[in-house]
Amino acid sequence: MSVTHDEVRRIARLAELDVSDEVLPLLGEQMSRILEYVAQINAVPASEGVKPFVPGPDAVRFRADEVKPWPLAFGPAEFAPAFRDGFFLVPKLGQFEDADT
Amino acid sequence: MSDPSEALASAKAAADRIVNVKRLNACLTPIKELRKSLAAQASTAHPSGVLYGMPVAVKDNICTLEFTTSCGSKILEGYRSPYDATAAAKLKAAGALIAGKTNCDEFGMGSSTEHSAYGRTLHPFDKTRVPGGSSGGSAALVAAGAVPAALGSETGGSVRQPASLCGVVGIKPTYGRVSRYGLVAFGSSLDQIGVLGRSVHDAARVLSVISGRDPKDSTCEDRDSLRLPNVPESLQGFVIGVPKEYFPQDLDAAVRRACDRAIRLLRELGAAVREVSLPHTAYAVATYYIIAPAEASSNLARYDGARYGPRFNGSEDVRALYRTTRGDGFGPEVRRRVLVGTYVLSSGYYDAYYRKAQQMRALIAQDFRNVFDRGVDLLFTPTTPTPAFKAGEKLNDPVAMYLSDIFTVTANIAGLPAISVPIGRIKGLPIGGQLIGQAFLEDEMLEAAYALERAVPAAEEA
Numbered sequence: 001m002s003v004t005h006d007e008v009r010r011i012a013r014l015a016e017l018d019v020s021d022e023v024l025p026l027l028g029e030q031m032s033r034i035l036e037y038v039a040q041i042n043a044v045p046a047s048e049g050v051k052p053f054v055p056g057p058d059a060v061r062f063r064a065d066e067v068k069p070w071p072l073a074f075g076p077a078e079f080a081p082a083f084r085d086g087f088f089l090v091p092k093l094g095q096f097e098d099a100d101t
Numbered sequence: 102m103s104d105p106s107e108a109l110a111s112a113k114a115a116a117d118r119i120v121n122v123k124r125l126n127a128c129l130t131p132i133k134e135l136r137k138s139l140a141a142q143a144s145t146a147h148p149s150g151v152l153y154g155m156p157v158a159v160k161d162n163i164c165t166l167e168f169t170t171s172c173g174s175k176i177l178e179g180y181r182s183p184y185d186a187t188a189a190a191k192l193k194a195a196g197a198l199i200a201g202k203t204n205c206d207e208f209g210m211g212s213s214t215e216h217s218a219y220g221r222t223l224h225p226f227d228k229t230r231v232p233g234g235s236s237g238g239s240a241a242l243v244a245a246g247a248v249p250a251a252l253g254s255e256t257g258g259s260v261r262q263p264a265s266l267c268g269v270v271g272i273k274p275t276y277g278r279v280s281r282y283g284l285v286a287f288g289s290s291l292d293q294i295g296v297l298g299r300s301v302h303d304a305a306r307v308l309s310v311i312s313g314r315d316p317k318d319s320t321c322e323d324r325d326s327l328r329l330p331n332v333p334e335s336l337q338g339f340v341i342g343v344p345k346e347y348f349p350q351d352l353d354a355a356v357r358r359a360c361d362r363a364i365r366l367l368r369e370l371g372a373a374v375r376e377v378s379l380p381h382t383a384y385a386v387a388t389y390y391i392i393a394p395a396e397a398s399s400n401l402a403r404y405d406g407a408r409y410g411p412r413f414n415g416s417e418d419v420r421a422l423y424r425t426t427r428g429d430g431f432g433p434e435v436r437r438r439v440l441v442g443t444y445v446l447s448s449g450y451y452d453a454y455y456r457k458a459q460q461m462r463a464l465i466a467q468d469f470r471n472v473f474d475r476g477v478d479l480l481f482t483p484t485t486p487t488p489a490f491k492a493g494e495k496l497n498d499p500v501a502m503y504l505s506d507i508f509t510v511t512a513n514i515a516g517l518p519a520i521s522v523p524i525g526r527i528k529g530l531p532i533g534g535q536l537i538g539q540a541f542l543e544d545e546m547l548e549a550a551y552a553l554e555r556a557v558p559a560a561e562e563a
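For the record, the sequence lines run as chains A and B.
In terms of the numbering used here, the first sequence has 87 at position 87, counting the first letter as 1, and numbering is strictly consecutive.
In terms of the numbering used here, the second sequence has 229 at position 128, counting the first letter as 1, and numbering is strictly consecutive.
Hints should not be assumed to be uniformly reliable.
[Claimed, not checked] Pairwise CB distance ranges (calculated):
#1 Pro25/A / Val151/B: 34 to 44 Å
#2 Ser32/A / Asn121/B: 41 to 51 Å
#3 Ala383/B / Asp65/A: 21 to 31 Å
[Claimed, not checked] Below, a list of computed lysine-lysine pairs in the DSS-like style, where the Cα atoms sit at most 30 Å apart:
#4 Lys228/B / Lys491/B
#5 Lys317/B / Lys345/B
#6 Lys175/B / Lys51/A
#7 Lys68/A / Lys317/B
#8 Lys345/B / Lys51/A
#9 Lys137/B / Lys123/B
#10 Lys495/B / Lys228/B
#11 Lys92/A / Lys175/B
#12 Lys345/B / Lys123/B
#13 Lys345/B / Lys228/B
#14 Lys228/B / Lys133/B
#15 Lys528/B / Lys137/B
Hints were generated in silico from the structure; no laboratory data involved.
Bear in mind that the values here come from a model prediction, so they are computed numbers and not experimental data.
Even glycine gets a Cβ: it sits at the ideal position worked out from N, Cα and C.
Please model the entire structure based on the sequences and the hints provided.
This is the structure in structure tokens:
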């Protein structure tokens, strides 16, 4: 299992993560080693009949569907990088240059 | 304790002790802020609470109104939560004092507390070694005697592994026993808040307080708080299984000796001990390191510089804002896991990795059910394959680091409760033994842990 530099770049784009060219060789090597290690589970024969296991309650419990003030000690203006008039401010949308991903 | 002056004295003493162990870099809260907050908390704490005046440190990925919640990450540097996690709110309602935020691997991703943006935490007995992780700050503070208990969190062993390496008690409750409202999400099908304590009793008292239903967390079971068991006279009637897969040929000889001694003591206490098999154990770490990064890649998508934390490198459009903030804000281990998680969920790889890992998870959980269905009450295993390792030793080899979780990940995969109890020393370094219980039977697990703790000479060489 070997992850190429192009694959790391493609995955980084999917993950919305800047990855510099300098770290690509090490990152590619480490991802390859991790993926090679975890791929050992494929040595176990296919187990299609196994019911998926998810811990926790058997069914989701819903709260009453009612509008209540959210009990926060302070609002988003205190912790957001930029916030005005009830909106989080971000730069313009720009181009989505990699529609292929 | 029910006198406000005693609570104030307890607050001051805790702050003094935390200052005394500042060199460990276990507490991220500036000391002036800590002193001021502890004094304020002590003056308003509930005197009738069962933890009145007890200082409890809290891992930096659990939201508190006091102090920042940075998750050991630059991407949340200076973040103040506008609400308390339910576990923190319950501690305060019981009269406990939040004694600062503890250092951890970034977002809980690591086994050594070396992956913190705020520097590594030192092992309390040997500064050249790691305290384990990711709740290494909590473990180090408890082991150094600064606080009697601390909250940590577990996704694959992040409470029990540092507890073992630092010589304290670490409890991971059943998935759904403790509310996760306000625990910053890493791997949502695995995450649980846990407790580190200087004794089983201290840890269990805190667990009892934070456990129980919470309408704010739909994964928290609709159950009452955990009732603490009495310390048993013997373990007569207990059947304890020893899974052979946790004692491989190449297990560290001293760890094996410590475990053999603990097993002998469990027998002497009256427990019936029998060998059992959990045949899919060998695939647990691989399964975990597919599921956890996959869930992390989704959970950490929210950190994009738009809503919380600082922004990095002024960005001309929103896409660049996301990428530069995440690229600069996340440390190397988080970046690696987000990329691996995105990879295993991406088109063409999903079936071979994520889907297969979900099937393996079911088989691992079934192994436990098979053993418990055959009359076994609890399992005993080593908590970690070795005592504390040297700082830097595994930093450049992620798989070697991941393998230090080899005996702990299974309880998270199967959603079971487990506890690490100190069982001896190896060349002066502590090592823990683990009891794994059945879902929501923490009381039985704690009974056995009480008995083991009293019987085992934890400060002696194995």
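Going down the list of hints, with the structure as the test:
1. Pro25/A / Val151/B: 34 to 44 Å: violated, 55 Å
2. Ser32/A / Asn121/B: 41 to 51 Å: holds, 45 Å
3. Ala383/B / Asp65/A: 21 to 31 Å: violated, 47 Å
4. Lys228/B / Lys491/B: Distance of about 9 Å is within 30 Å: holds.
5. Lys317/B / Lys345/B: violated, 40 Å
6. Lys175/B / Lys51/A: violated, 40 Å
7. Lys68/A / Lys317/B: holds, 13 Å
8. Lys345/B / Lys51/A: holds, 26 Å
9. Lys137/B / Lys123/B: holds, 17 Å
10. Lys495/B / Lys228/B: holds, 16 Å
11. Lys92/A / Lys175/B: holds, 25 Å
12. Lys345/B / Lys123/B: Violated, because 41 Å separates the two Cα atoms, which is more than 30 Å.
13. Lys345/B / Lys228/B: violated, 34 Å
14. Lys228/B / Lys133/B: Within the cut-off at roughly 25 Å; holds.
15. Lys528/B / Lys137/B: violated, 40 Å
Checked against the numbered hints above, the structure breaks hints 1, 3, 5, 6, 12, 13, 15 and satisfies the rest.
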